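Asker: Make a model of the complete structure from these sequences and hints.
For the record, the sequence lines run as chains A and B. Each step along the first sequence adds one to the number in this note's numbering, with nothing skipped, and position 10 is 10. Each step along the second sequence adds one to the number in this note's numbering, with nothing skipped, and position 238 is 238.
Heads up, some of the hints might be wrong.
[To be verified] Here are the simulated DSSO-like pairs of lysine-lysine, each with C-alpha atoms no more than 27 Å apart in a straight line:
id, chain 1, residue 1, chain 2, residue 2
1, B, K105, B, K134
2, A, K91, B, K134
3, B, K174, A, K65
4, A, K3, A, K91
5, A, K3, A, K65
6, B, K350, B, K111
7, A, K65, B, K105
8, A, K3, B, K350
9, B, K111, B, K204
10, B, K204, B, K155
11, B, K407, B, K204
12, B, K174, B, K350
[To be verified] Sample of chain A residues facing chain B (criterion: CB under 8 Å; computed from the structure):
id, residue
13, D37
14, G42
15, C44
16, C46
17, L74
18, S75
19, F76
20, P82
No lab work stands behind these hints, which were simulated from the structure alone. Keep in mind the model is a prediction, meaning the values are calculated, not measured. Here a beta-carbon is modelled for each residue, glycine too, at the ideal position from N, C-alpha and C.
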Amino acid sequence: MPKVTYIEHNGTAHTIELLAGETVMRGAVDNEVPGIDADCGGACACATCHVYLDPPWLELLGTPKPGSQEASMLSFAAVAQPNSRLSCQIKMTAALDGLTVRMPEGQH
Amino acid sequence: MNAPVTTGPEVDAWSIPLEKIDVSDPQLYQDAAWQPYFERLRREAPVHYCADSRYGPFWSVSRYNDIMHCEVNHAVFSNEIGGIQVEDQPRDLQRPSFIRMDPPKHDEQRKVVSPIVAPANLNNMEPLIRERTKTVLDALPRGEVFDWVEEVSIKLTTMMLATLFDFPFEERGKLTYWSDVAIANVNAPDAPVHSEAERFEELKKMAEYMSRLFEERRGQPPRFDLLSMLAHGAATREMPLREFMGNLALLIVGGNDTTRNSMTGGLLALNRFPDEYRKLLADPGLIESLVPEIIRYVTPVIHMRRTTTQATEIAGQAIPAGAKIVMWYVSGNRDPDAVAEPNRLIIDRKRPRQHLSFGFGIHRCVGNRLAELQLRILWEEVLQRFPMIEVVGEAKRTYSNFIHGFKSMPVRIPA
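Answerer: Have a look at this one:
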């Protein structure tokens, strides 16, 4: 199964195996990785599963389309950067094996 | 309690004809009689048409997932066309604010103020909030009855507002007054204003007072208070008077009333569920999940309204363009398909932040984590000082279908 590494804001890393098709948010919540709140449960409606992607993964996954729901929600996240994504919108695939996501200081 | 007007305890929510149900009646909320109506609507008519109410015809959305559907589809469910309440603002007295706007203007204005609640700034505010909370709690009497609303909830939230606006501290009572003016139901006998025209006049006075501070801050370097942020923000520094009134009222009410009522409603709920209160006393670590659970259970904002920009469907129900859609957060938060045992306060729920009280989507409450911070500090300091605080009489509620509020709540701290 493809693996994701979640790095908390304090540097603590958690590596989790996810099923293909599962979202990166769901993997964190189901495995009790701290730092991903996901208040809305995956509806792209709260921006509390916010993560940062390192360059190679950002290139592979791309940034949300301007005007999309994800782009709107991210624009209200407290500490958004150009490499921000909402992890409920990233579905695992074999090609994403080894994905690393970093967490912001807080989800608000 | 006053006799209900159209619906109420003596009208059986389960036998009244479905089409006669009108959940916009503010009496239902003052009497805490709303629950069975929504239980029935969720089961029998989750997207329900009320053809005739004092606010005109409207659709009620009562289930959690259907509300979420409306929340995320802001292109179809507009805030700008008709505002956010089942009751329309009179056309000639309208006061636009960013919660009553759609993108792109909504986004531009919201981004001006949102840094006030960024994680780093919340950390900065925490010691001040804690100091004030300690002072307020240390002054409370033991062994005698006092009003929790007046002595705790209003005091704490008023000081918070003064800080957020960097408002002259000695005059901070004005902020609470303007907040009450902005949300009052003008038909309530104890309302501070009794007509929309009167409300407008009072809010204009607020704008005059605030515009002096606004002008001062415009001439100074940017600082971290809401007035300074508005005065320097590209999207907000040249607001017309009505928009200035609207945005200030929004920030004052948003930063005040909701938290005030959660401070009161939380203590009431813990008294209703004494086993949960005992659990909390035994394990203060539960405050972390207690706080969002209080916010769900209390649901300080009863509803939000949208207006359809086009013909659409909600849960299979066809809805025309231009329809008034009311999302009943009180009901969605008690939907058993979304929340297990929703009518119970359960302070150690697994996913306590899955609730609708802050809304979802682009209009989600900007201050949600500040609200949680204030409540967390309150309960941390309460538990350090007091045994079980007893609610010793009836909590009097607000006559409103919008703000789920409390006027007073008599309590006693055991001597």
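Asker: Using 8 Å as the Cβ threshold, decide whether A/C44 counts as touching chain B.
Answerer: Since the shortest Cβ distance to chain B is 7 Å, the answer is holds.
Asker: Within a Cα-Cα threshold of 27 Å, do B/K407 and B/K204 meet the stated pairing?
Answerer: Cα-Cα ~25 Å, so holds.
Asker: Go through the hint on A/L74 and say holds or violated, using the shortest Cβ distance to chain B against 8 Å.
Answerer: violated, 11 Å
Asker: Starting from A/K3, check that the Cα of B/K350 is at most 27 Å away, please.
Answerer: holds, 25 Å
Asker: Taking only the CA atoms, is the gap from B/K350 to B/K111 under or equal to 27 Å?
Answerer: This hinted pair is violated, its Cα atoms lying about 32 Å apart.
Asker: Within a Cα-Cα threshold of 27 Å, do A/K91 and B/K134 meet the stated pairing?
Answerer: Given pair A/K91, B/K134 is violated - Cα atoms ~47 Å apart, limit 27 Å.
Asker: Given the hinted pair B/K111 and B/K204, is their alpha-carbon gap at most 27 Å?
Answerer: holds, 25 Å
Asker: Using the nearest Cβ pair, does A/C46 come within less than 8 Å of chain B?
Answerer: Holds. Min distance 6 Å.
Asker: Against chain B, with CB atoms and a cut of 8 Å, does the hint on A/S75 hold up?
Answerer: Result: holds, 6 Å to nearest chain B Cβ.
Asker: Within a Cα-Cα threshold of 27 Å, do B/K105 and B/K134 meet the stated pairing?
Answerer: violated, 40 Å
Asker: Hint validation: A/P82 versus chain B, beta carbon distance must be below 8 Å. Holds or violated?
Answerer: violated, 16 Å
Asker: Per the CB criterion, is A/G42 less than 8 Å away from chain B?
Answerer: violated, 10 Å
Checked against the numbered hints above, the structure breaks hints 1, 2, 3, 6, 12, 14, 17 and 20 and satisfies the rest.
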